[in-house]
Amino acid sequence: DAKTTQPPSMDCAEGRAANLPCNHSTISGNEYVYWYRQIHSQGPQYIIHGLKNNETNEMASLIITEDRKSSTLILPHATLRDTAVYYCIVSTGNQFYFGTGTSLTVIP
Amino acid sequence: GAVVSQHPSWVICKSGTSVKIECRSLDFQATTMFWYRQFPKQSLMLMATSNEGSKATYEQGVEKDKFLINHASLTLSTLTVTSAHPEDSSFYICSAKVWGTVTGELFFGEGSRLTVL
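In the order they appear, the protein sequences are chains F and P. Counting in the numbering used here, the first sequence runs from 1336 upward without gaps. Counting in the numbering used here, the second sequence runs from 37 upward without gaps.
Rather than coming from a laboratory, the hints here were simulated on the basis of the structure. A few of these clues could be false.
Derived DMTMM-like pairs (lysine to aspartate or glutamate); straight-line CA-CA distance at most 25 Å [stated by the list, open to error]: (1) P:Lys77 with F:Asp1417; (2) P:Lys77 with F:Asp1346; (3) F:Lys1338 with P:Glu95; (4) P:Lys100 with P:Asp63.
Let the sequences and hints guide you as you build the complete structure.
Rendered as structure tokens:
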């Protein structure tokens, strides 16, 4: 079962940063936070994952709170192609259960 | 990133027939593959986890005799929907975990859309 809570939808202006929150208050010490996104009718795409330190890659940044009960995915300069459903998942790496995700719409 | 390929990408079949969907990891070995199904406007639901050379582990409520999963090699897993019915119409997605990684990311196929008439 999914152990995360995300807002169902968000809008973001093109070129601005998109900040997508995720609550995972029951996360265990050995569980990582993963972010994936799914563009309509395609398979999900990996974005980033982390344990407790903040992480950054070419796609996004992941900020995890010190108590690890929540995290934020940051897309620094959102483009129209970033419109998708974003899923936050906590997992030890063995099984991945998807929650309902956040539908992000980037507005021109 | 690693590539996972699914085939066919879409299939239409008659009720009562069986349909096989293949999932291949093209440039890496996958010890573990996962099968999901997704209904319109819903999230992905994990159906089963398959490990190479062993029986798949099915999630609660998923009929193992209806959804046959075979993971015969480190690069191929198949899902067979037996005696398909219209309610089995869905988007089926496989994913693979890179062999040797503990916490690495999953790579997903493009999905296979099944329509049962």
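Now for the hints, and whether the structure bears them out:
no., hint, verdict
1, P:Lys77 with F:Asp1417, "holds (18 Å)"
2, P:Lys77 with F:Asp1346, "holds (18 Å)"
3, F:Lys1338 with P:Glu95, "holds (16 Å)"
4, P:Lys100 with P:Asp63, "violated (29 Å)"
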